[in-house]
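Fit chains B and C to the known structure of chain A by using the hints.
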Amino acid sequence: MNSIITLTTDFGRKDAYVGAMKGVILGINPSARIVDLSHEIEPLNIRQGSLVLASAYPFFPKGTVHVAVVDPGVGSGRKLLCVKIGSAYFMAPDNGLLTPVFEAEKSCSIREISNREFFRKNISATFHGRDILASAAGWLSKKDIFSRLGPVVSCCKRLAWPAVKRLKDGIRGEILAVDHFGNLITNIKASDLPGAIDRFRVKAGKRLISVWGKCYADGKPGRPMALISSMDYLEIAVPNGSAAALTGLKPGQEVTVTK
Amino acid sequence: MNSIITLTTDFGRKDAYVGAMKGVILGINPSARIVDLSHEIEPLNIRQGSLVLASAYPFFPKGTVHVAVVDPGVGSGRKLLCVKIGSAYFMAPDNGLLTPVFEAEKSCSIREISNREFFRKNISATFHGRDILASAAGWLSKKDIFSRLGPVVSCCKRLAWPAVKRLKDGIRGEILAVDHFGNLITNIKASDLPGAIDRFRVKAGKRLISVWGKCYADGKPGRPMALISSMDYLEIAVPNGSAAALTGLKPGQEVTVTK
Amino acid sequence: MNSIITLTTDFGRKDAYVGAMKGVILGINPSARIVDLSHEIEPLNIRQGSLVLASAYPFFPKGTVHVAVVDPGVGSGRKLLCVKIGSAYFMAPDNGLLTPVFEAEKSCSIREISNREFFRKNISATFHGRDILASAAGWLSKKDIFSRLGPVVSCCKRLAWPAVKRLKDGIRGEILAVDHFGNLITNIKASDLPGAIDRFRVKAGKRLISVWGKCYADGKPGRPMALISSMDYLEIAVPNGSAAALTGLKPGQEVTVTK
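Protein chains in written order, with this note's numbering: chain A, 15 to 273; chain B, 15 to 273; chain C, 15 to 273.
Bound conformation, chain A alone (with noise of 0.2 Å):
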């Protein structure tokens, strides 16, 4: 345990939850370090709020515990879940919001999380993030109660992930992501593209990108341009500018790359 706890939540900041929640955190172990990841992720999409805790953690020091709250089932049937893998734990509702953790890690082991000993006093039923998450978390960031948690759980939900097909002259995949600044994400990773990169033709929905570049300054302002992004996927951006304005590209779009 290193005492640090990162947040990823759909809750915005104009509200008490995050607030309330880094107070139960507090209350149980008042030498926890809180990090936001983002509470942005728009309301329910736990798609999005699995991508930014995917593009995250790997960041952080071993014995950081990750929460992360998009939980449209909270007060139902769904479990909690704490999953462990060799340098950190996670906490989240059982809805497919880790899938990007179980993908990039070969091993972990996952527990629900139940045991009331570790809960606030009185639960709501729907704000689980707040009354067993938060403090759970406070809990774990203390000592190593993963295995005191609950019943060692086998199978979690995942979410459907788009995954890119490989074409005899390249490879199709799909944009997955728009950023701050408009940049797109796709789910074409550097490692699918062997050898000279700007060998290869993107195409992304109808649209030709001619210009492949290492980083933003090698494009034209205002001119589509791909690259790879700081988490080694295929991005397409345009300097100086949006993309996702620019070209009205969006996720779920089809992009090839081809000789």
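There's no promise every hint is true.
For chains that are exact copies, the list does not tell them apart, and a pair is met inside one copy or across any two.
Straight-line distance between alpha carbons at most 30 Å, and here's what the computed DSS-like set of lysine-lysine pairs gives [as the list claims (entries may be wrong)]:
#	residue 1	residue 2
1	Lys120	Lys171
2	Lys179	Lys93
3	Lys220	Lys273
4	Lys28	Lys273
The hints are simulated quantities; they were obtained by calculation from the structure and are not laboratory data.
Chains B and C only, in chain A's frame:
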């Protein structure tokens, strides 16, 4: 003192105002742990600020200092207050921002913050949040200077708070706030509705809410439902949607709950 | 070193970028205390970033490390800088982001950040904020490695900063920024306006501002007024309203103050 200081303001996040307050606090108490409750209070909306504070402070540990700045009267004659309740301190302008704290807490001690010993040296007439409140909070988070902050205050400004009205077969209240998800939060407490809650009939504005649930998953996507919020108030929600957008209901509109 | 690191970026809060930087910092210095100044700088707006940084850093204690990332040239030839002033360190791309720091501080030492010992192992060409700046800031917040960061730099890029012009009976400046409340912040300093300030006549664009006040409460709701901002600059505000919305005035427009 536990060295935790929370901040609630209408400053937004794009300017340097919040950062400057944090710098002042850390300059005085380098061990302070600063927690943002919200900086997205609507500009000058004292009632919204008071609601966010009221919904978060009960979850913080004993000794926390809560600083709230929604302060249209900054620089004028309005006082700055420090309020001590059993478990916490509050610092805010005397403009009603602490109304729900006064309502909820049986006993409290109140001081004016007027001792310049705890101010910054130069006081801007437009930013007491930085030059007085952050400074005094920094000192208070280090040691108990409460009684040295200034003279005892016996009378504070309170907002006219919408009260519920008991009817012969139920209760009448109103919509107090709309949260990030579009949930409509009322001023009717769960404890105002004795017995089996789903015997009650909820009418909000001209709209009959026919479904009760314990949690969002008990309702139907796209259909308004009634439930008890995580702060124990009657809430009107739309599973997988925004009750505010779907119903057009707004803060101030009447809600009746009858048998 | 006081282990405080501030962050100012144009990354927004919905993606994982800010979180990843924090993870890198905490992996290197688990005791770092990270303070967000703003992540809502308009994408690629270097001047706005420099203004936020300039308005917050003077309030932080000696030894703070300020990291600023508004970096359209990431991955290209532009240098990364570490600037040491009496009381603080700054890390930023060499693109003008530190212009107001250079203007305000009499003496400073500047190093290029080029020693890979303080970088992450793999460097993305599009995210030096994470792979170089966050990493180097983590190290610098632990101990004084300033002189080991890289070679001395003698010449840095500065933004063309709009200067005030003295007139025979006053001064001419311009609107520099609009804050969250819609207040119009100019580049005219209080010290540019000697003596009784309300003898001066303020004209902004084509609009005569006829009311002076010390604080917002001195004005009339809905009526533009002039006052001295909390950073000691001439500001045009509308009590209980937005001066930007009401007057239509924008950054870049001329403001004259004459007797």
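Those earlier numbered hints the structure runs against, lowest number first: As far as the earlier hints go, 2 and 4 are violated by this structure, in ascending order.
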